[in-house]
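Residue numbers (the numbering used here), protein chains in the order written: chain A, 350 to 682; chain B, 98 to 386.
Take these hints with a grain of salt, some might be off.
Below, computed lysine to aspartate or glutamate pairings styled on EDC-like, alpha-carbon distance capped at 16 Å [unchecked claim]: (1) Lys439(A) <-> Glu420(A); (2) Lys439(A) <-> Asp421(A); (3) Lys608(A) <-> Asp570(A); (4) Lys554(A) <-> Asp579(A); (5) Lys439(A) <-> Asp275(B); (6) Lys269(B) <-> Asp579(A).
Estimated spans, in silico, between C-beta atoms of each pair [said to hold, decoys possible]: (7) Ala213(B) <-> Ala635(A): 26 to 32 Å; (8) Leu211(B) <-> Ala547(A): 24 to 30 Å; (9) Asp220(B) <-> Asp441(A): 44 to 50 Å; (10) Ser560(A) <-> Arg217(B): 31 to 37 Å; (11) Leu419(A) <-> Ala213(B): 19 to 25 Å.
Think of the hints as simulated: they come from the structure by calculation, not from any bench.
The C-beta atom is built at its ideal place from N, Cα and C for all residues, glycine as well.
Letter by letter, the chains look like this.
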Amino acid sequence: MTTDAERPLLRVRDLKTHFTLKAGGLFSGTRKVLKAVDGVSFDLAPGEVLGIVGESGCGKSTVGRTLTRLEDATGGTAEFDGQEMLSLSKADFRPLRREIQMIFQDPFASLNPRLTIEQTLSEPVRIHGLETTREAIRERIARTLTQVGLDPKVMSRHPHEFSGGQRQRIGIARVMIVEPKLVIADEAVSALDVSIQAQVLNLIKDLQTESGISMLFISHDLGVVRHICDRVAVMYLGRIVETAPRATLFSAPSHPYTKLLLASIPRIRPGRVAAEDRGEPASAAAPPPGCPFHPRCGLATDICRSERPLPVDLGNGQFSACHHAGNQQGEAA
Amino acid sequence: MTPNATVQWFATGRRIFRGRWLATLGLAWLVLVVLAAVFAPLIVPYDPLEIDPVARLTEPGAAHFFGTDHFGRDTFSRSIYGARMAIVIGLGSVVVALLVGGLTGMISAYFTRLGAFLMRVVDVLMAFPALLLALVLMTILERSVMNTVLVIGIVYATTTARILFGMTLKLKNEVFIDAAVCSGAGHASVLFRHILPNLISPLLVQASFIFAFAQLQAAALDFLGLGLPPEVPSWGNMLSESRIYVTRAPWLLLFPGALIILSVFSMNLVGDALRDSIDPRFKNDIKGV
Numbered sequence: 350m351t352t353d354a355e356r357p358l359l360r361v362r363d364l365k366t367h368f369t370l371k372a373g374g375l376f377s378g379t380r381k382v383l384k385a386v387d388g389v390s391f392d393l394a395p396g397e398v399l400g401i402v403g404e405s406g407c408g409k410s411t412v413g414r415t416l417t418r419l420e421d422a423t424g425g426t427a428e429f430d431g432q433e434m435l436s437l438s439k440a441d442f443r444p445l446r447r448e449i450q451m452i453f454q455d456p457f458a459s460l461n462p463r464l465t466i467e468q469t470l471s472e473p474v475r476i477h478g479l480e481t482t483r484e485a486i487r488e489r490i491a492r493t494l495t496q497v498g499l500d501p502k503v504m505s506r507h508p509h510e511f512s513g514g515q516r517q518r519i520g521i522a523r524v525m526i527v528e529p530k531l532v533i534a535d536e537a538v539s540a541l542d543v544s545i546q547a548q549v550l551n552l553i554k555d556l557q558t559e560s561g562i563s564m565l566f567i568s569h570d571l572g573v574v575r576h577i578c579d580r581v582a583v584m585y586l587g588r589i590v591e592t593a594p595r596a597t598l599f600s601a602p603s604h605p606y607t608k609l610l611l612a613s614i615p616r617i618r619p620g621r622v623a624a625e626d627r628g629e630p631a632s633a634a635a636p637p638p639g640c641p642f643h644p645r646c647g648l649a650t651d652i653c654r655s656e657r658p659l660p661v662d663l664g665n666g667q668f669s670a671c672h673h674a675g676n677q678q679g680e681a682a
Numbered sequence: 098m099t100p101n102a103t104v105q106w107f108a109t110g111r112r113i114f115r116g117r118w119l120a121t122l123g124l125a126w127l128v129l130v131v132l133a134a135v136f137a138p139l140i141v142p143y144d145p146l147e148i149d150p151v152a153r154l155t156e157p158g159a160a161h162f163f164g165t166d167h168f169g170r171d172t173f174s175r176s177i178y179g180a181r182m183a184i185v186i187g188l189g190s191v192v193v194a195l196l197v198g199g200l201t202g203m204i205s206a207y208f209t210r211l212g213a214f215l216m217r218v219v220d221v222l223m224a225f226p227a228l229l230l231a232l233v234l235m236t237i238l239e240r241s242v243m244n245t246v247l248v249i250g251i252v253y254a255t256t257t258a259r260i261l262f263g264m265t266l267k268l269k270n271e272v273f274i275d276a277a278v279c280s281g282a283g284h285a286s287v288l289f290r291h292i293l294p295n296l297i298s299p300l301l302v303q304a305s306f307i308f309a310f311a312q313l314q315a316a317a318l319d320f321l322g323l324g325l326p327p328e329v330p331s332w333g334n335m336l337s338e339s340r341i342y343v344t345r346a347p348w349l350l351l352f353p354g355a356l357i358i359l360s361v362f363s364m365n366l367v368g369d370a371l372r373d374s375i376d377p378r379f380k381n382d383i384k385g386v
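Bound-form chain A, shown alone (with noise of 0.2 Å):
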């Protein structure tokens, strides 16, 4: 783990993302703290494309939100390159920022209306320097819209004017301009309609394959997953509970949590039964005692009540943190 070509692109340890809920009146509220990321770890390697899945609430949106500093970070270290990013001052991550961009999900609030297409993506090249002559900036632009497949003569409208996969590809040009080391995509392609969004995540993914940068995709959807990722990981509850190659984790699931998801799958198949899941997850205000998923687990035993699991290796890259992992391979989901 000392040269280059082997040091991950980002080394995240036992990262936290905490929130202090505030209830009640206006002297006697009461504290309540939601552990939104709760001792999440992950390596990612130049070039590879992490998908991070799980429910909505269980803190996949946060770890993203973290590693590009729009929130703070509770606990943990996060090295980017070799440097760790989480306790730099706002002003000396700043020139990280251009390495690290974020595509955000609903693609109608994340461009501003008031601005045109010009003036959004120019914002990045002029921070950070990239271009100094108007004329160059305007080229810079007019290359990375064709990149993403629009008319560079689209630069002098306004969001309004464009439809949502046409913006989410907007979007898409404001990270690619800086030409990013990692990019963060936050369910990039879930606010659009289905026919749209295998034209715009094919887009993601032959970008990423030439520019060969980083991604961490995150998503709740496991087929737009199985579709960019090389290797997966599944949050429970702000922690993840397994990670695996792609093809291992969709054949050979080891957690039941990652098996209750793959079984919830919406599928044409005559006389298929839903999967069957025993309720909803807990509140990470309140997690439960021990592993996070024993209340809706069939496998949990005492053990599961009280004391909570470790990542398991089980080989080939596939790391499982329940207590059952290992030695309950062979059973049906």
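Got chain A sorted already, so can you dock chain B onto it with the hints?
What follows is chain B alone, placed relative to chain A:
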């Protein structure tokens, strides 16, 4: 302005005022007032400060359209110059209120810790009735055009701060602000490049109302002898000076009073039209108003 921009400007104007004949009339009146203010020296038959003891308290007639006051000064000429003061006071107060109040509101919403303090100051100022606050400040300061503008501006800066505080609070949580931060935008860029342009519409509406209210405040201050210096021909001062002659020369009250009422009413009508075109929630049930 390019021809294209001019066309667009007219189109927007037509959209705002179409079907609102009262607001259109108000706008027409305001245009008249502005023209009178700009071309005052060309319009007036007499110097507004010229004293003519022989002609004092002359009734309105061919020589003096609006009559003369107790110094024999021509009321019509003074009224036209009064339009100048009205515009100066209105614009000045708007600039002060929007600058001071707008910045306070935006900065308070953006930097929450500083805002918690700043907005309490605003709350304290808002606890005083507008006129009382203006009176207190004017008693401390000297009577001058500048100070009147400052005081009225500060009084209306409080409401502006409140409104912009709320709107900025909402705007700063928009996803496009997060996106701007990810692009590397700093505080100043986020505030003035991303938040401010989204506040232009409410600022415009706010400006139109402050302009109108400033007229009333200025007139009230003048009337109480705390506004503009007495020799300045303003509608409020004219009212103030003429009140002891109200039985002998009622025209001295009638003309400046009517001018104040018409102008403030017009400004409010235009302000309403602007607000309705921007915020459909307030749309009037009464057609044409």
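What hints, given by number in increasing order, does this structure fail? 6, 8, 9 and 10
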